[in-house]
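Student: For the record, the sequence lines run as chains D and Z. According to my numbering, the stretch in the first sequence is residues 1 to 86, in order. According to my numbering, the stretch in the second sequence is residues 1001 to 1229, in order.
Read the hints as simulated data drawn from the structure, not as lab findings. A hint or two may mislead.
What the hints assert, rightly or not - Under the rule of at most 20 Å between Cα atoms (straight-line distance), these lysine to aspartate or glutamate pairs were calculated in the DMTMM-like manner:
hint : chain 1 : residue 1 : chain 2 : residue 2
1    : D       : 21        : D       : 47
2    : Z       : 1164      : D       : 39
3    : D       : 62        : Z       : 1152
Claimed, not checked - So the derived list for chain Z, only partly shown, Cβ under 10 Å to chain D, looks like this:
hint : residue
4    : 1089
5    : 1090
6    : 1116
7    : 1136
8    : 1162
9    : 1196
A quick note: this is a predicted structure, and the numbers were derived from the prediction, not measured. Beta carbons: idealized from backbone N, C-alpha and C, even for Gly.
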Amino acid sequence: MGGLPTNKTVNGLAVDPSNPKVMYVAMRDGLFKSTDAGETWTRVENELKNLAAVSMNPKNPKEIYVSAADGTIFMSADAGKKWQKQ
Amino acid sequence: MGKTIAEGITKRGLKVLLLTGMIWFVSGAEIQAQERSPLQLAAGAPAGHRINTSGKKNPVTFEHVDALAMDAEEQTLFLGTHTGLFRSNDGGRTWKKVSVSAKQPSLEVVAVAPDQKQPSTIYIATREAGVFTSADGGTNWSQINNGLGGLDVHGLAIDPNDGKLHVVIRNKGQEIYRSTNGGGKWSRVNGGPGPEIQFLSSVNIPTGMGGIFLYAGTATGLQRSPDCF
Chain D
1 MGGLPTNKTV NGLAVDPSNP KVMYVAMRDG LFKSTDAGET WTRVENELKN LAAVSMNPKN
61 PKEIYVSAAD GTIFMSADAG KKWQKQ
Chain Z
1001 MGKTIAEGIT KRGLKVLLLT GMIWFVSGAE IQAQERSPLQ LAAGAPAGHR INTSGKKNPV
1061 TFEHVDALAM DAEEQTLFLG THTGLFRSND GGRTWKKVSV SAKQPSLEVV AVAPDQKQPS
1121 TIYIATREAG VFTSADGGTN WSQINNGLGG LDVHGLAIDP NDGKLHVVIR NKGQEIYRST
1181 NGGGKWSRVN GGPGPEIQFL SSVNIPTGMG GIFLYAGTAT GLQRSPDCF
């Protein structure tokens, strides 16, 4: 599980139903993506912080939603490159 | 400044006005006010107890978010929070509270699991009242706790292949229970994966032993285990 902040709480997980090795986790430090079922992780480049949950459109895996702990929602339509506050 | 919609007196004797277009939040003993644009109002407020004063009839207070999930028909986002279950049909811009239990209107909803094979079926897990399911997209709910060893649930996973359910409950220690009939009956499987489970998720990656993996978010990181036990 390399690439995730160590010994920190993992708050949420979203998995691509069409390719389950692609997954995202929501953490206080931000959003992280793996393309190898969680062996290695890369931080998704954005300003997202203090994340409580992440979800994916089951029919369109590029559409990702995250919620901050206070309920602020951000959406990406391009697999995490650009984000829009909802 | 907007129209006054409420007024009151703080403990220190200060008169406060609640205006449209403002977000209020409590910080220690002080009450602070901050002007916000309508967009910011719709999107959310700083951390802390929050009152939405954007003029909506049903102000939304989450306190803290635990879960977010989209239904199988790509129409509804569900948000599990400390104050209950909410749904949004506009991508998370506005939220309506879902009535899950008339007896316990403010259940803490820690997990939301839409059944991707049966699009109207949704399962939720709560900290106080176990597991609920809805067969009509979230309008009517029933409690499904037969055989479950406790009502303090910390994670809920649905197998994307066969709809098998796993939950983790806290009852002295942590325990995982499984149901193969949509929550009609639960059986204990084993002890949980670790301290302070945040979520449980069935991930459709074959273990090579006839099952798939369960992933769990804990206070010390991400863990996974074959779900065949």
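Student: Hints first: check each against the structure and report whether it holds.
Tutor: Evaluation of the provided hints:
Of the supplied pair hints, the one linking residue 21(D) and residue 47(D) is violated, its CA atoms being roughly 25 Å apart against a limit of 20 Å. The straight-line distance between the Cα atoms of residue 1164(Z) and residue 39(D) is roughly 25 Å, outside the 20 Å bound, and the hint therefore fails. The hinted pair formed by residue 62(D) and residue 1152(Z) fails the criterion: a straight-line CA distance of about 34 Å is larger than 20 Å. The beta carbon of residue 1089(Z) is not positioned within 10 Å of any beta carbon in chain D (closest approach about 12 Å), and the interface hint is therefore violated.
For the restraint placing residue 1090(Z) at the interface with chain D, the shortest Cβ-Cβ distance is roughly 8 Å, inside the 10 Å limit, so the hint holds. Checking residue 1116(Z) against chain D: minimum C-beta separation of about 6 Å stays under 10 Å; hint holds. A cut of 10 Å between beta carbons decides the hint on residue 1136(Z): the least distance to chain D is about 19 Å, and the hint is violated. Below 10 Å, beta-carbon pairs count as interface contacts, and residue 1162(Z) has none with chain D, the closest being about 14 Å; its hint is therefore violated.
The criterion of a C-beta within 10 Å of any C-beta in chain D is met by residue 1196(Z), whose closest approach is roughly 7 Å, and the hint holds.
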